[in-house]
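Protein chains in written order, with the working numbering: chain W, 1 to 429; chain Y, 1001 to 1400.
I should point out that these hints are in silico values taken from the structure, not numbers from a laboratory.
Since we're looking at a predicted model, the values are computed, not measured.
Beta carbons: idealized from backbone N, C-alpha and C, even for Gly.
Just so you know, not all the hints are guaranteed correct.
So, partial list: chain Y residues that the calculated Cβ filter (under 7 Å) puts toward chain W [claimed, not checked]:
{"id": "1", "residue": "TYR1022"}
{"id": "2", "residue": "ILE1037"}
{"id": "3", "residue": "PHE1098"}
{"id": "4", "residue": "ASP1120"}
{"id": "5", "residue": "ALA1121"}
{"id": "6", "residue": "VAL1123"}
{"id": "7", "residue": "SER1124"}
{"id": "8", "residue": "ARG1128"}
{"id": "9", "residue": "GLN1132"}
{"id": "10", "residue": "ASN1139"}
{"id": "11", "residue": "GLU1146"}
{"id": "12", "residue": "LYS1153"}
{"id": "13", "residue": "GLU1165"}
{"id": "14", "residue": "SER1167"}
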Amino acid sequence: MYREIVNTEELSYEPKDIVEIINDFRNMYSTLETKIKHFVQTQPTFLNELRRELKTEIGFLSPQKKDMILAFYGIIVTEDILKKYDSKFYAEDISALLEATGKKQSCTDDEFIGLLASFINCLQTVIGSVNYIIHHFIELSSLELDEEIVKTIINVRNFFPAITESYLFFEVGEFSVDLRFIAAIFASALERIMFDEQLSSSVSSTGKTYEKFKHTYPLSSGENIRYDLINKLLIENYHEILQEAFKKTIEKRRNEFEEQSANLRKEFQALDQQQVDHNRIEQLLAAIEQTLFEALKLRKETTETKRVNLERNIERVLRRMAIEEFGVQDIADQERYLNYLLDTWFSIFEEYPQMCLPLIDIRLYARFVSEPHEFIEENKQTIIQQLLFRIRRLTKGDRYTPSNLAYAFAIILYEFLSNSTVQSLSFEK
Amino acid sequence: MEKEIQNLFILECLDEENLLPYHFFECLNGTTGKVDIETKKQLKSALKDVCFDELFNEKNYILKGSKHVLLDTDNLTINQKHSVFTKNSSENCRFLNFFSSDIDDISLTSTWDQIERISDALVSVKNRAEQQVKDGIINSAMLVDEVDADFFKLGKYLHWQICEEYSLRSKPDRSRFSPMITGAVLLKAFLLTDLSQCTGSCGKIYSSTEENPNILCECGGEIILVPPMLKIENISFVVPKNIEEMVQDSEESSPFKIFSLINRAFLDRKLTLTLNKLTSFKMGNKIAIPASAYYQYKDTNDILRVNFIHEIKDEREIVIFACITNTRYNDENFLSSVSLPIIMRDIKSGLKGEFNWEKIIARSELRDWMVTPFIKGKELEKTSSFKDIQSLFTGGSSNV
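So here's chain W without its partners, still in its complex pose (with noise of 0.2 Å):
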């Protein structure tokens, strides 16, 4: 039943492309050099301190590392690169870092810089790409599917080409790494999330992860030993742990799920035209909030093809939505659509209020952030007008069709996602 449901093959983890992944490197490359002196000027104090807190972690380095490495560190902390990277942390993982590219001994400042470029680059994917697998995770593991399948969808479709998207951040930047590293630093991602979420009292590092690793997993190189390695230091070590973590949620999924099985089986049965009408509309709403997710919570970036299909999907409800209720397409009562869509809107800032920042006044902001629900409920008309204003500007003022609302929301949908404040401000609840 679960395939009527959901896409279980769109439970997958899609890697970055090559091309982008060399560019994500040149960026980072390109301007550290500049960054790190510049900060090694600027910020002597904040070096000082931070040398002394990190004395004994980095004292393998050679005076003139040190300050590079602790002015990176400055650096990933003050331009917000990585959230909540604890120093103590960093120079653990730094030490690995150069242990599992065979750079301990001997490494030119050039190749260093390169190596905290791979480093970083590979980090923020690492937690990109983790947010997506705990996801399919939670997903799969609601369904009625065998835990062994779950576990090997997880190795195969979500692990392998993420560990191997990560890898390649170190081989464009020329570096050949330890396998174990790169699943160390999965592992890490892995139990920070749980911490994050109060799910789990601890983390370790991925220097200390990694050392745990060496000594239970005798491979470090190769082409095929990644599904194994996978298995054995990821799937194996985490599995039931996420289990457990995630239990609530996964049983909250499961129980949406039989119910939304239970209503197809119903209107299956039923044929009840009407009744089948509504389930696709909700089935249609669905993709909205599934845009809206993948782009706020997975981070996931939104794709012109993804607002052309979303836009479509807005056109059929709004469509179905005249058939259903006027039995015609083509209703005289235009602002009957309209109200229709901006309850949809409401609905989306209920769940994700910060889809609303662009049509509030800026100086409003600070009250907005304290109380988001409050303030949205206090100024609903005035947020209406903002809407309204742009939704006509994009109809350019003819009326109101299935078609040209659509292209209107999914446009203002688009852009409020690409917003980078909206981007990043979380509101859970």
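Assemble chain Y onto chain W, guided by the hints.
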């Protein structure tokens, strides 16, 4: 109702230390992939008939997989059963999969991609376990158990993808580049039924008309009743007139090599005999006729695909048409595979009527190509080019 599905997996790994192969078997039945312990046992004892070296000893083109339809020789109707045979060799491991069911929309290329990933995954388990044996962390028996556990898990995953997820079905068999049609072959084959065969080293076939009171063959092997087989009697090739100048490798213009390539798409005889020994498979009076086959060039990774159609002419004779497409070429003198469906349709309708091979070709898009006279399989070995075939029939001179 539970579907009749049998899914067979065989894995051969080479023990690096003793240089001896060790084998793993799995048989999953039905949509849910229930473990068939009995077949597993039977397969283990029947293994001697599966000659891995012959199946994997390929030079230029590697057969990745083939799809077949099963013909019931009792009433000459196509049984609702289809089979997919895929294989892959990765480092010191060889992996075979035989999937028999009434499912007819399995994508051969997608399935093979999965088989490749599965064999690579199993190699990774074996490599790690071998290292742990060397380090004294586990012993050899534990190594076998570990490989076996993942072999089962990955087999089950493949089964699920076909039967429950449908992700390996209803997908077009893709090629990386638009391939060209580089040649076609018509085979006149005859059905041989009521056969016995020596299971020993010689593999000699005995027909029922031969009096053979012996239970044992001259070579000492046991003689058993076996499923019918197809004997290819005559072969005609359809190729561009100047094929020798168009191909990059002389093997591609060698009639014998082309025939060998086509021949490999037929289910291996020894494998058929092994399957026949399994109670749940029982080939009985069925023969497998290829529907498509998929090969890869060893050096360039180009893909070569052969599509088959067949027509039953009478209770003994079956004609099989095979059309070869190849991603290696972009030469306009070959035909684009866009024409393939039209060619297959035209040939199929031509084969149905009164049989005149040259006329059938003349009515199809292959009309400008050279059609060789029918030649016997044995004579092919003596020929090195298509001109040689022509000269056999024109007394030594040929204008082609």
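Okay, the hints, checked on the actual structure:
no.: 1; hint: TYR1022; verdict: violated (18 Å)
no.: 2; hint: ILE1037; verdict: violated (18 Å)
no.: 3; hint: PHE1098; verdict: violated (21 Å)
no.: 4; hint: ASP1120; verdict: holds (6 Å)
no.: 5; hint: ALA1121; verdict: holds (4 Å)
no.: 6; hint: VAL1123; verdict: holds (5 Å)
no.: 7; hint: SER1124; verdict: holds (4 Å)
no.: 8; hint: ARG1128; verdict: holds (5 Å)
no.: 9; hint: GLN1132; verdict: holds (6 Å)
no.: 10; hint: ASN1139; verdict: violated (15 Å)
no.: 11; hint: GLU1146; verdict: violated (9 Å)
no.: 12; hint: LYS1153; verdict: holds (5 Å)
no.: 13; hint: GLU1165; verdict: holds (6 Å)
no.: 14; hint: SER1167; verdict: holds (5 Å)
This entry does not satisfy hints 1, 2, 3, 10, 11, going by the numbered hints stated previously.
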